[in-house]
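Q: Listed here are the chains, written in short residue letters.
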Amino acid sequence: MASVELNGKTYETDEEGYLVNLGEWDEGIAAYLAEQEKVDMTESHWEVVNFLREYYNDYQIAPAIRVLTKAIGKKLGAEKGNSKYLYELFPYGPAKQACKIAGLPKPTGCI
Amino acid sequence: MAAPTFEVPKMKAVSEVPRVQKGAMAHTKSYVASAAIQQAIGFPGELVENWEAKAIEKMGDLLGKYRSFKVYLDTCVHCGACTDKCHYFLGTGDPINMPVARQDLVRNVYRRHFTFAGKYFPKLVGAKDLTREVLDQWYTYYNQCSECRRCSVFCPYGIDTAEITMGAKEILDSIGYGQKYTNEIIGKVQRIGNNLGLPGPALEDTLEGLEEDILADTGAAVRMPLNQKGAEVLLVTPSADFFSEPHVESLIGYAKVFHAAGISWTLSSHASEAGNFGLFIGNYETMRNIALRIREAALELGVKRIIVGECGHAWRVAYSFWNTLAGIGAGGNDPFSIELQQQLDPRYPAPQHICEFTHDLLKRGVITVDKSANDHRVITYHDSCNVARASRMGDMPGGQFVIPREIIKMVANNYHDMAADTIHESTFCCGGGGGLLTDDLMELRVKGALPRMEALNNVVQDHQVNFMATICAICKAQFSKVLPYYGFEMSMVGGIHQLVSTAIKLDAKQ
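These protein sequences, in sequence, are chains V and Y.
Using our numbering, you'd call the opening residue of the first sequence number 1 and step up by one each time.
Using our numbering, you'd call the opening residue of the second sequence number 1 and step up by one each time.
Everything labelled a hint here was simulated from the structure, so no lab data went into it.
Just so it is clear, the structure is predicted and the values come from calculations on it, not from any experiment.
All residues carry an ideal CB built from backbone N, CA and C; glycine is no exception.
Hints are supplied without guarantee of correctness; some may be wrong.
[Unchecked claim] With a straight-line Cα cutoff of 20 Å, these simulated PhoX-like cross-link-like pairs (lysine-lysine) come out:
1) V:LYS106 - Y:LYS371
2) Y:LYS409 - Y:LYS363
3) Y:LYS65 - Y:LYS10
4) V:LYS70 - V:LYS96
5) Y:LYS371 - V:LYS96
6) V:LYS96 - V:LYS106
[As the list claims (entries may be wrong)] Examples of chain V residues toward chain Y, derived with CB under 7 Å:
7) LEU22
8) GLN60
9) ARG66
10) SER83
11) THR108
12) GLY109
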């Protein structure tokens with residue numbers, strides 16, 4: 001276990017840098033985690049991150065890639081509803097990198 | 001992608017055996033499982049105090065239970081035939097990644113404690129005590145074996161190296177020194193039903209979304225039923241098929257095949273995982289617990305057939321072990337196994353691979369295709385290790401090589417095999433099997449993919465191949481990640497049923 005100190009608040013992370021307690025997430029830690037991942041957060045990035053958090057609240061898991069691309073397509077236009085767009089935003093892969101920034105647990109399995 | 005902190009090996013037209021680099025991968029250490037992860041699946045939370053005695057005791061236990069383990073530890077004559085057969089050695093040059101050297105980490109300790117010569121004249125026979133240093137080497141290097149068994153093909157004694165790796169992992173787990181990636185996943189299957197931790201409602205939502213997508217794409221109301229009692233077929237597939245690309249394309253393909261053939265089927269939220277990581281850690285109880293979920297679902301849903309989706313090691317467990325683990329296929333003799341055997345339709349293999357199923361439908365003309373729909377693809381096929389070397393398909397020897405290729409040739413026009421010494425039973429592992437498909441082993445995964453990437457590159461150069469089909473969720477995820485390191489597009493890899501999905505005519509049988 002490790003922890004991050006930010007603006008007087010302590011955030012616990014696991015050995016891979018994922019936030020341990022979802023409830024501790026805020027935009028400050030998201031920006032910090034994005035910086036660690038070398039992701040320059042824009043409006044488009046926040047759209048994805050916010051959708052991930054909403055979906056996680058409902059289903060206790062990150063959305064499947066097709067669920068995510070469809071939701072983004074509906075919100076931001078069909079030309080953005082594909083995994084290519086998501087990989088442009090999160091080069092290491094939307095599932096792992098965007099989840100980390102959104103404070104969600106790392107998806108596991110054969111992915 | 002973040003710039004690699006290691007050097008990506010250079011591809012050569014003719015694979016070369018690398019110069020030995022002592023300790024090249026000694027720094028590699030996959031994350032150790034936390035106490036919570038370990039305890040959730042019945043292992044000690046951390047390294048137990050008397051770990052050396054406990055490890056030797058466990059080794060004795062395994063030697064008594066598994067005759068094969070003892071035979072494999074006894075028979076090696078160090079002839080060296082395996083040394084240049086391992087993709088991890090070829091990719092890293094670390095001499096301990098020569099299969100014989102990796103096995104010797106356990107064999108030396110075995111000799112010290114279980115052979116006459118090793119007990120009394122340890123130095124003469126290279127016997128070693130299990131020191132902390134040796135234990136850490138076990139952890140480091142047994143997490144650099146994907147249990148792919150390529151070396152075993154070339155071993156004149158037929159030593160199954162994977163079984164020694166599994167034995168080592170079983171011993172490590174039993175003393176509280178497990179690997180995070182694999183053991184966390186095993187806990188999720190037992191708690192939630194699949195490797196991903198995808199709960200029932202999320203699965204339902206995902207499947208509904210996919211039905212909408214197929215309808216929008218094709219105009220056909222192809223269903224993806226969940227927990228449907230009385231369906232003919234229970235499909236058990238890796239949970240990555242629900243979640244990731246390119247995996248989901250094959251799931252869509254299976255659904256289209258069932259639809260076009262008019263055969264009712266269902267997925268199960270209780271058994272929403274074909275994968276069985278219990279195999280990777282050599283732990284019988286864990287493997288059985290995971291397999292039993294499938295029997296429970298089959299009995300609950302009253303299905304007549306059980307079909308397994310595109311997952312390599314799942315097919316090994318299903319084909320080779322489900323009969324005695326869970327009574328799927330003849331062998332189990334407990335009341336539930338007997339009940340299941342009476343329920344399943346004896347006219348079909350139990351279990352059946354999705355490729356056997358689709359192959360038969362294509363051959364009989366029950367489903368039809370437009371091959372030209374795949375004309376933008378020039379295809380090759382990557383044999384996944386557990387399918388190639390630990391199972392079979394159909395009713396003829398080598399069916400596991402023939403059937404997938406025949407499907408491809410029935411649904412597409414452009415196909416080229418990779419070099420003969422890199423396919424069929426000599427296939428190279430993707431580099432991510434056996435519980436190594438984790439971010440903390442990325443260097444190993446990239447380097448271990450080298451032999452496959454070289455073989456692929458040759459057919460790309462010679463035949464303009466632009467699609468590598470495979471039937472394993474691990475292979476798909478691993479290649480998606482490592483292809484770009486070698487200058488290929490990640491979308492070059494996909495499933496056989498992705499190709500079927502592209503070509504199939506949906507209104508054929510309605």
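Q: For every hint, state whether the structure bears it out.
A: To see whether the hints hold, each was checked on the structure:
Restraint check for LYS106 (chain V) and LYS371 (chain Y): the C-alpha separation of about 39 Å exceeds 20 Å, so the hint is violated. Simply put, LYS409 (chain Y) and LYS363 (chain Y) have alpha-carbon atoms about 12 Å apart, close enough for the 20 Å limit, and the pair holds. Straight-line distance between C-alpha atoms of LYS65 (chain Y) and LYS10 (chain Y) comes to about 44 Å, which puts the hinted pair past the 20 Å bound. A threshold of 20 Å between alpha carbons decides the hint, and for LYS70 (chain V) with LYS96 (chain V) the separation of about 18 Å falls inside it, so the pair holds.
Taking the CA atoms of LYS371 (chain Y) and LYS96 (chain V), the gap is near 36 Å; set against the 20 Å cutoff, the hint is violated. For the suggested pair LYS96 (chain V) and LYS106 (chain V), the alpha carbons sit about 6 Å apart, so the restraint of at most 20 Å is met. The closest approach between the C-beta of LEU22 (chain V) and any C-beta of chain Y is roughly 14 Å, which is over the 7 Å cut-off, so the hint fails. At about 6 Å, the closest approach between the beta carbon of GLN60 (chain V) and any beta carbon in chain Y falls short of 7 Å, and the interface hint on this residue holds.
This hint holds: ARG66 (chain V) has a C-beta 6 Å from the nearest C-beta of chain Y, less than the 7 Å allowed. Checking SER83 (chain V) against chain Y: minimum C-beta separation of about 5 Å stays under 7 Å; hint holds. The restraint placing THR108 (chain V) at the interface with chain Y holds, with a minimum CB-CB distance near 5 Å, inside the 7 Å limit. Using the Cβ-Cβ criterion of 7 Å, the hint placing GLY109 (chain V) at the interface with chain Y is satisfied: the shortest such distance is roughly 3 Å.
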